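**Student:** Guided by the hints, dock chain F onto chain R, whose structure is given.
Residue numbers (our numbering), protein chains in the order written: chain R, 7 to 384; chain F, 7 to 384.
One copy or two, it doesn't matter: identical chains are merged, so the pair holds either way.
Calculated pairs, DSSO-like style, for lysine-lysine (alpha carbon to alpha carbon, straight line, at most 30 Å): (1) 188 to 169; (2) 327 to 349; (3) 64 to 371; (4) 169 to 344; (5) 65 to 46; (6) 41 to 370; (7) 371 to 283; (8) 64 to 34; (9) 327 to 161; (10) 169 to 108.
Bear in mind the hints are in silico, worked out from the structure with no lab data behind them.
As the structure is a prediction and not an experimental result, all values here were calculated from the model.
Protein chains: 2
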Amino acid sequence: MATLPSTLDELRQQIDQLDSQLVEILAKRAALTAKVGQYKSQVGLPIYVPEREAELIKKRRQQAKQSGVPPILVEDLLRRIMRESYHTQHVNYLCTNPSIKKIVVVGGAGALGRIFVDMFRRSAYTVVVLEQHDWPQADEMFADAGLVLVAVPIKLTEAVIAKLTTLPRNCILADVTSTKQKPLLAMLKAHQGPVLGLHPMFGPDVASLVKQVVVVCHGRGADDYAWLLQQITMWGAILQVCEADEHDAAMAFIQVMRHFCSYVMGAHLATENPNLKQLISLSSPIYRLELAMVGRLFAQDPTLYADIIFDNEASVDLLGKFAQQFNQGLDLVATKNKGEFIKRFLKIGSWFGDYAKQSLVDSKKLLLKADDDRTWSE
Amino acid sequence: MATLPSTLDELRQQIDQLDSQLVEILAKRAALTAKVGQYKSQVGLPIYVPEREAELIKKRRQQAKQSGVPPILVEDLLRRIMRESYHTQHVNYLCTNPSIKKIVVVGGAGALGRIFVDMFRRSAYTVVVLEQHDWPQADEMFADAGLVLVAVPIKLTEAVIAKLTTLPRNCILADVTSTKQKPLLAMLKAHQGPVLGLHPMFGPDVASLVKQVVVVCHGRGADDYAWLLQQITMWGAILQVCEADEHDAAMAFIQVMRHFCSYVMGAHLATENPNLKQLISLSSPIYRLELAMVGRLFAQDPTLYADIIFDNEASVDLLGKFAQQFNQGLDLVATKNKGEFIKRFLKIGSWFGDYAKQSLVDSKKLLLKADDDRTWSE
Chain R
7 MATLPSTLDE LRQQIDQLDS QLVEILAKRA ALTAKVGQYK SQVGLPIYVP
57 EREAELIKKR RQQAKQSGVP PILVEDLLRR IMRESYHTQH VNYLCTNPSI
107 KKIVVVGGAG ALGRIFVDMF RRSAYTVVVL EQHDWPQADE MFADAGLVLV
157 AVPIKLTEAV IAKLTTLPRN CILADVTSTK QKPLLAMLKA HQGPVLGLHP
207 MFGPDVASLV KQVVVVCHGR GADDYAWLLQ QITMWGAILQ VCEADEHDAA
257 MAFIQVMRHF CSYVMGAHLA TENPNLKQLI SLSSPIYRLE LAMVGRLFAQ
307 DPTLYADIIF DNEASVDLLG KFAQQFNQGL DLVATKNKGE FIKRFLKIGS
357 WFGDYAKQSL VDSKKLLLKA DDDRTWSE
Chain F
7 MATLPSTLDE LRQQIDQLDS QLVEILAKRA ALTAKVGQYK SQVGLPIYVP
57 EREAELIKKR RQQAKQSGVP PILVEDLLRR IMRESYHTQH VNYLCTNPSI
107 KKIVVVGGAG ALGRIFVDMF RRSAYTVVVL EQHDWPQADE MFADAGLVLV
157 AVPIKLTEAV IAKLTTLPRN CILADVTSTK QKPLLAMLKA HQGPVLGLHP
207 MFGPDVASLV KQVVVVCHGR GADDYAWLLQ QITMWGAILQ VCEADEHDAA
257 MAFIQVMRHF CSYVMGAHLA TENPNLKQLI SLSSPIYRLE LAMVGRLFAQ
307 DPTLYADIIF DNEASVDLLG KFAQQFNQGL DLVATKNKGE FIKRFLKIGS
357 WFGDYAKQSL VDSKKLLLKA DDDRTWSE
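If we strip away everything but chain R, and leave its shape as in the complex, we get:
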C-alpha cells in the first residue's frame, strides 16, 4: 500500500505539516534574536553587522546547494526573516554619550521628529519636545541642552533656526531638513558651537533605521558631535557624508524630478480619465508597479511634496530642461524618426553603464515579489 501514489489531499497534508514546522522554527528563532538584541544593547554592539549577515547567508546557500534547494530561495527567505528581527527585536540601544544631560527636539511631535524622540529615548537619553506653543519657555528648555535637533517642516526651518541664538556654547545644533545648504548656513550663523546637518533618507513610516541612509553634511566641531553619528550607526543606519551643495543638487535630481513627474502622470491620467480598473487588470507586473509608484504619491500629504518641489531653487531650471528633453523626444515620434531615437537610446544606455544591467536584475527581483503578492481576488 505504501508504494501507491499519494492522493493530492495526502500530499497537501504533508506540506501543511512542514509549513507548521516552519512557523515553529520562526518562533524559536525570534526568541533567540530577542536575546541577541538584549545582549547587543547591553554591550553596545550595532544591530546590523553586514559581515555577520553575509556569512550567515553564505553558509545556508551552500547547504541549500547540497540539498538541491535553490540558493536564491534560501537567501530571500533569510533576508526576510532578518528584516523582521531587525525591526521587532531591538527595543533598547546603548547610549553613546551618557554625559549629555538633555536633548531638545524642536518639532518633536511631527512625523519625523517623533522617530528621533523615540530612538533617543530608547537609547536612554532625556528628551524634551519643543512645539510651537513652547517658545515662551524655550530659553529655559535650552538651558542645559547638549543637543538641539530641528525637525520642523522645510518652509519653517530657517525661521526656527534663526531663533536659536541663545543655546549653551557647547550644545550641538543639528537639523533633519531635506535641503541642506540654507539650513546649514542658518545654523552656523545662529550658533557658535558645534553644528551638523542631517538628512534622513526615509519616510516617517519606517519600521526601523536598519539599512536606512542618513546623509551627513559637516558644519563645525565634528569631534564634538562624533558621539551623535556613532549613536545613529548604533540604530543600524548607514551614514553618507557629502557637501551641502552636492546634496541639494542631487536631491533636485532625485526628489524634485521624480515627484514632479509622478504628479504630472497623475494629472494626465485624471484629465484623460481612462478606466483605471481596466488599466490595472491589463497591466503586467512592471506597469502595475509603475502605476503604483504614481498612485502612492496621491495618498500622501500634498504640502510635503509642494514644499520639496517649490522650495528647491534648482527646480524651475531642471524641470525646464526636462521639458526640453521631452519635446525633443516627442519630435522624434511625431516625425517617425525611429533611427535617431534608437541612436540616442544607445547613447543614454552607455551613460548608465553597468548600472542599467544591475537595475534590470534588481528590479526583476522586486517584480517577482510583486507577483507573489497578487492574490487575484480582484
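**Tutor:** Chain F alone, transformed into the frame defined by chain R:
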C-alpha cells in the same frame, strides 16, 4: 551554569541550527510539491489554485498569531516558497486538445515565441517553428496545422499575417503582438477560420506563466479555440478578455507613456550628467527603485521600445497632452503658486480614489524587500 546569559557566539550557533533546519524543510517540501506537480499534470489540474493558496496562508497565519510570530512574516515566506514551487516543479502539463496534429509557431525562435514553443511541447503538442528562411516550405508546414501562432516583432506582424491565406479552414490563427486592433483585422481578413488575438503581458525572461496576465481579444469561432484558452489557464496564466480597441487605448497609457517618460528621464540624466554613483548612494529606497526603473530600460533592446512607442497611433496625441500637463505644472512652480498645486494634487488624489492608498501599501512591501536585498558592500 545553565542560567548564565548566553554569549553572542552561542546564540548565533543556535540560530544557525534553526536556519539549517529551515533548509531541510525546504528540501522536503520541494520533493512533495514535485509529486503534486506530477499528479496534477496527470490528472489535468491547473498548477495555480488561488483558493488552495489562500487557505494554506490563512492556516499558517493563524498558527503564527498563536505562536507570537508576525503573520505577515509567515505569509511573505510562504508566498516566496510557493513561487519557487510554481516556477520549478512543473515540468509537464496536461494537453487540453490531444486531437490537434500540429502547432506552427511563426517566429518561434524569437524571445517570446520560444516560451510558447516550450509550453506547447511540455503539454505534449507537436510543435513546428517557422522562421524567415522557412517561407518556401510554408504551405507544406501549414498543411495539417491545427493552430498557427504568429509571434514576430510588431512591425512585421501585419505583413506576416497577410501571407497566411492558405491555412486549413479549421486551423486556428492567433497572434501574440502587443497591439491588437490591426493584427486582429489582418487575421480576420487573411483567414476564414477561427481567429484569436492574444497579448501576453510578460517579458521573455519570465520564469513561468503562473499568475501572469494574458489579454484575450476574441476574433471569430470562440468555441473552436476554447481548448487553447483552457491550455493557457492550465499553465497558470490569468486571462483578461477585452475588446481590441480598448486594449490598444489602455496600452497607449500603460506602455507608451511609461517607456517614453523613462526614456526622457534617462536622456535628461545623461545630458545633465550628475554623479550617478553619488545619486544612488544618497537615495532612499523609493528613489533607488525609481532610478532602477529608468535604468533597466536601457539594458534592453531599443528596437522593441521604439516599436512600442512609434507604432501606436495614439502616441503623438497622448504624449502631446502629457507635455501640456507638464508645462501647466511647471508654470505653477515658476510662478510659486503652491496653493493651486495643492488644490490640483488633491483633485487628482480623489480621481485615484482607494487605489492611491492601496498603492502606498503595496509599494511599501516592495520597498522593504528592496531594503532586504541591500548588502552595503558598495
